[in-house]
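Novice: Listed below are the residues making up each chain.
Protein chains: 2
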Amino acid sequence: MQNSHDTMTRDPLASPNADLAQERAPEIVEALNAQEPPDAAKLLQSLPAEKAIEVLDLPGLDNTCEILAELPTDTAVSLLSGVSDDRAADIFKELIEPLRTTLLNRLNPDTRTTISALLAYPERSAGSIMTTEFVSVPSTWTIAEVLHHIRMVERTRETVYSIFVIDPVKKTLIQAVPLRRLISADPHANVLTAAPARKPLMIAPEADRMEAARLISRYDLLAVAVVDGPGHILGIVTVDDVIDAIVEESTEDAQKFGGMEAIDEPYLRIGFGEMIKKRAGWLCALFLSEMLTATAMQSYQTELEKAIVLTLFIPLIMSSGGNSGSQATSLLIRSLALHEVRLRDWWRVAMRELPTGIVLGSILGVIGIVRITLWQTLGLFDYGPHWQLVALTVGAALVGIVTFGSLSGSMLPFILKRIGFDPASASAPFVATLVDVTGLVIYFGVAALILRGTLL
Amino acid sequence: MQNSHDTMTRDPLASPNADLAQERAPEIVEALNAQEPPDAAKLLQSLPAEKAIEVLDLPGLDNTCEILAELPTDTAVSLLSGVSDDRAADIFKELIEPLRTTLLNRLNPDTRTTISALLAYPERSAGSIMTTEFVSVPSTWTIAEVLHHIRMVERTRETVYSIFVIDPVKKTLIQAVPLRRLISADPHANVLTAAPARKPLMIAPEADRMEAARLISRYDLLAVAVVDGPGHILGIVTVDDVIDAIVEESTEDAQKFGGMEAIDEPYLRIGFGEMIKKRAGWLCALFLSEMLTATAMQSYQTELEKAIVLTLFIPLIMSSGGNSGSQATSLLIRSLALHEVRLRDWWRVAMRELPTGIVLGSILGVIGIVRITLWQTLGLFDYGPHWQLVALTVGAALVGIVTFGSLSGSMLPFILKRIGFDPASASAPFVATLVDVTGLVIYFGVAALILRGTLL
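Same order as they appear, the protein sequences are chains A and B.
The opening position of the first sequence corresponds to residue 1 in UniProt numbering, with each subsequent residue numbered one higher.
The opening position of the second sequence corresponds to residue 1 in UniProt numbering, with each subsequent residue numbered one higher.
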């Protein structure tokens, strides 16, 4: 109470933690993230166990591993036993040895088995984001029995709004019944009477997590069942995990499109070395490819010496190719990601991009010709006696380069997908580099055609 | 039955629509989207009313307005009365006159008032994606009364999993109670006994819809209340609408980052003219700005004539600046969108990008110097007697340009946000253009310093 308000805000450790315990879990996560791991661990320990579990259950907590390492093993084990299975698996994924094995061995055998199973699913799979804490009931039960069961287990389940009905003999998934239907149905009737007419939607644990996201968003579900080959339900993917996955994937795609490796930490928290590593790789690869432009320029040295006027437009022309390519690539990466366009549509896309590129290139070409004509006739710059031919060269090259840019920019995501890469790797700089080299060849090729006998 | 399977798949109109009615709504939408509006309207009419409403309720149906125009007015009105309010408002937003007024006037007065109110909210606001079909109960009710009420209204509500408790006198929102808590609580107790300890989360109808998305994803909610100034609940935003909004915004951001206007239709369905319009604007703007490179080159004409060897590296050096800028921009756009970085953090970001740019530039600079040295000593190309100075010029220019690229690429989203634009407008081509012009100035500036007295 002696602390002024200012001091308290600056140093939450000095203030009684009763305040912090009153906050919502996401706010507590933010407070912990502002602390170094040892202090965050102390704060976490000072919270009531239930609240501490709620905090640890949120994916936004930074340095979870360092914090757990600071805690007494008993506390760490009891917190980890309390969080949901899918989150516990996420945490174990990042824990380092020997802490990982120590903690895993101290969990009760059931939890350990579940978590080990979850850890075995490949990253970004539906299995890796599923939870095993769902409600399942045998198909022989009445609605009243199901509702009674839900009341008993409600506290320990991630969601109770989708109830999964299982064949009592084969143990396979038969139906998914929404709770809203159960509560308005006759309690004495069999649970299946409240079920929808069609089979429930399911997904294999090895499927991509974005597949689960698409199912949930397409059918407005709150959860989708993850089912093995014979049809046993292994877990469920819930809508909140799907939102996190969608946001994460969009961020990674945006970073990749910017021409770097995806980073999985917030900008201000990633280390300097890590930042350089994520950016230098692509930057060097692009630089090495772009060196081909120097090679191309070298081979046109004679032309350059004869017609230095041509060099003036090199940056302008090259960038236009890169820009049109970047447009086409960003369009197609998203369309492929949203399944609006399939791999087999590549030809239809090419047949759209070809006329689009020609029209866009012609627009820029006309602007370019007008620019040169204006500067020449207004006396702003002298492009030499053959300035009309130079203008024509620039205009024609723009049509060719923008068309090539649109076409190759739109095809690159298809090619990458076809050979098994992520189409999102077709970054704007990647396309620009691809188009730059070809752009130079097109430019000098057009110049050779038009200016042969005059300038060249 | 005479139709072969092939014929049936090719022409669903020829086959009995009983098949179609058995499908899930999203599948029917897909089937309708493959038809011209008149045929789609016929198919829609052939479905049972309940199914047709379910189909119309999905945002993925194309040409909704054209389809409604084909239907008898009575049918159109009864379908529109059946769909959820928020979807009906979306449809009315796109309807053209006089059909819009005709249909609106034929709705029952209550629905008309609700839809008109929804239509009044600005696009992309929380109000524009909210639904008014939620469950609200007075705080005087017992849990049993609430559950009975839910059973009565379940069919007409978008969600019954969040129940909103209202002050019986002031009619303001007091609490949001999850259904899962209600069903496991004592039925005779007051509804508020099942409520969480804290006030419910709310949002203003004018708030950005992404604000609603952030609340829902941060607090793992199924719905968030939209509340007016005095605290009356106007509607709710549900998790499924939020997923649609997140996906839509990511797509728009990706397209903007690619350097074009966002398009709101799938790639293969957008008209050719529309496609040109969305792409030509930015392409021309970038082209006009990039013309400054020609102006810059013109002013260095004397240098160019003296040292034509310098032109060989122009594309290489300029593209490196654009690439590093593109990396920084994509990083910061996402960080700003996810609120990982705030406007006030600009200085911290600049102080990270400066050393990052210097290190990345030095890496590229060294590669560049090695390349020139190798080609020269291996006899692959002759960069002239002063090749060491040329190499040094290229290396030093790369450090300067990559640093400038990283710095300006990271600051551009801040500047755009500060002056009230969408930071996502800072596209890769935009940054590249910005850096290209400056890059030339830096390159020739460095060249003047290093080569003065030798080549220049």
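Do not take every clue at face value.
Any copy, or any two copies together, can satisfy a pair, since identical chains are not distinguished.
Stated by the list, open to error - The calculated lysine to any residue pairs, modelled on SDA-like cross-linking and capped at a C-alpha distance of 25 Å, are:
{"no.": "1", "residue 1": "Lys278", "residue 2": "Pro355"}
{"no.": "2", "residue 1": "Lys171", "residue 2": "Met202"}
{"no.": "3", "residue 1": "Lys278", "residue 2": "Ser425"}
{"no.": "4", "residue 1": "Lys306", "residue 2": "Val153"}
{"no.": "5", "residue 1": "Lys278", "residue 2": "Val366"}
{"no.": "6", "residue 1": "Lys199", "residue 2": "Gly281"}
{"no.": "7", "residue 1": "Lys306", "residue 2": "Glu133"}
{"no.": "8", "residue 1": "Lys51", "residue 2": "Asp220"}
Think of the hints as simulated: they come from the structure by calculation, not from any bench.
Novice: Take the hints in turn and mark each one as holding or not.
Specialist: Hint check:
| no. | hint | result |
| --- | --- | --- |
| 1 | Lys278 to Pro355 | between (37 Å within a copy, 15 Å between copies) |
| 2 | Lys171 to Met202 | within (15 Å within a copy, 43 Å between copies) |
| 3 | Lys278 to Ser425 | both (14 Å within a copy, 24 Å between copies) |
| 4 | Lys306 to Val153 | neither (84 Å within a copy, 83 Å between copies) |
| 5 | Lys278 to Val366 | between (41 Å within a copy, 19 Å between copies) |
| 6 | Lys199 to Gly281 | neither (48 Å within a copy, 49 Å between copies) |
| 7 | Lys306 to Glu133 | neither (75 Å within a copy, 75 Å between copies) |
| 8 | Lys51 to Asp220 | between (31 Å within a copy, 16 Å between copies) |
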